[in-house]
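Novice: Taking the hints into account, I'd like the entire structure generated from these sequences.
There are 2 protein chains.
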Amino acid sequence: MALILTPLPGMPSVRVGDDLSELIWQAVQRAGISLQDGDIFVLAQKIVSKAEGRQVNLTSIVPSEEARQLALATGKDPRLVELNLQESSEILRTRPGTIIVEHRLGFVCANAGIDHSNVAGEGNADEEYVLLLPINPDASARQLRTQLEQVSGVRLGVMIIDSHGRAWRLGTVGIAIGLAGVPGVVDLRGRNDLYGYQLRITEVGAADELAAAASLMMGQAAEGTPVIHVRGFPYPLRESSLSELLRPKQEDLFR
Amino acid sequence: MALILTPLPGMPSVRVGDDLSELIWQAVQRAGISLQDGDIFVLAQKIVSKAEGRQVNLTSIVPSEEARQLALATGKDPRLVELNLQESSEILRTRPGTIIVEHRLGFVCANAGIDHSNVAGEGNADEEYVLLLPINPDASARQLRTQLEQVSGVRLGVMIIDSHGRAWRLGTVGIAIGLAGVPGVVDLRGRNDLYGYQLRITEVGAADELAAAASLMMGQAAEGTPVIHVRGFPYPLRESSLSELLRPKQEDLFR
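Sequence order for the protein chains is A and B.
For the first sequence, numbering that gives the first Met the number 0 begins at 0 and goes up steadily by one.
For the second sequence, numbering that gives the first Met the number 0 begins at 0 and goes up steadily by one.
Don't read these hints as lab results, they were simulated from the structure.
Misleading hints may appear alongside valid ones.
Covered by chain B, according to a simulated footprint, are these stretches of chain A (three or more residues, beta-carbon under 8 Å) [stated by the list, open to error]:
#	region
1	163-171
2	179-187
3	240-246
The C-beta atom is built at its ideal place from N, Cα and C for all residues, glycine as well.
Specialist: What follows is the structure, encoded as structure tokens:
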């Protein structure tokens, strides 16, 4: 059994208020894909945020005193820093150009996941738009899953991903930020290996492994192929959420 | 174009001294796979270590005083801790049951990547064998690449992966520890997105994204499917090495 990741062709540019499930379903039909039970759609965060109207025009932001101080320390735009603070629950580290935060969604990431590329205002290319992460990616994924299961008649998974830097290693990798149906962590405890040893590594970050695979096929100019169709995911679908993947703060040696 | 990851069927259990390229090539032929330019083989670290004779019988290890102290602090077997020290260049963090190290190979990981599962001594199931990481995974990957290209007549990539825990997030994910042909980091600098913005995220950890995907298809009882055949990797093959993926210590905010 193979794992097959196919960029969904023909996804249009997404605008505020668009119904993503409708856009995806139309693209699926145009591409002649016959969906099967267990198929998964992986979506780039960017199109979910756009559909939800998470664009912010920086000219509308008035930075706080805290934001101005942090902007001085990091060399970043004070308005962007203000949005970083608003989107975060904690600042973990700073250095020139980078602020590492605990995002309000619970995960650690750089610059609060705020994206400056591929975000145009509607007909106002001069203005400085940035894109915040979706309000509640788990909820967005759940809604899309319900809608896509209804129109397709098969049991599906939906996952929303972003691309994050990492401690210790260079290069960004795709990670899950919203889950519906795709198990976040798969517990292999109790399984024996071929020699009868209990497996020591028992908790596999299956959703993040799939997110990395899908991210590879999105590239970074993600507007072109922001939806990946997945067949052959090796674990059963079930109810799931991002929280499975978040290491509790008190158990984290690198906070 | 799709990314297709297929566990290579029929790989035998690997023993010290086995020629992995021969085992893989035989399995490829038995499976009737017609290799193409750009195909990649991803190997679980475990089979490379086994072929290289990296099994160690814990009864042969005499722990140092430092190892005994660290064993007391972490509740780990002093002999295992001794191997952790021997395989590492630095201890970063410790807590009961876990030692986070900078491995001599340069990456940060838990317990020096030493594996206690799926490692049997030859006919001595009672003895306590553990498995160290390969001596030089880049070199092992390069050698395998050369051999497999010779027998197949096509241009291939080879990557050796392990499964690591992460700061901040739960669940292990596959990561690259040895590369040959597969680009570690892909630089997208200078590319514009659809709206003409320069992309801000410019360095994609492509090898680690592929490692995660392959790991998903190996599962954790990796002896069964320790080799994944990959078709459709979206970037050109080139000379590469693990070092591309290692964040320089002085630029790491989480050391």
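Novice: Next step is simple, just say for each hint if it's right about the structure.
Specialist: Here is what the structure says about each hint:
1. 163-171: With 7 residues closer than 8 Å to chain B, the region 163-171 of chain A meets the three-residue bar; holds.
2. 179-187: As far as the region 179-187 of chain A goes, the hint holds, because 4 residues have Cβ atoms under 8 Å from chain B.
3. 240-246: Held - the region 240-246 of chain A has 4 residues with a Cβ nearer than 8 Å to chain B, which meets the minimum of three.
When the structure is compared with the earlier hints, no violation turns up for any of them.
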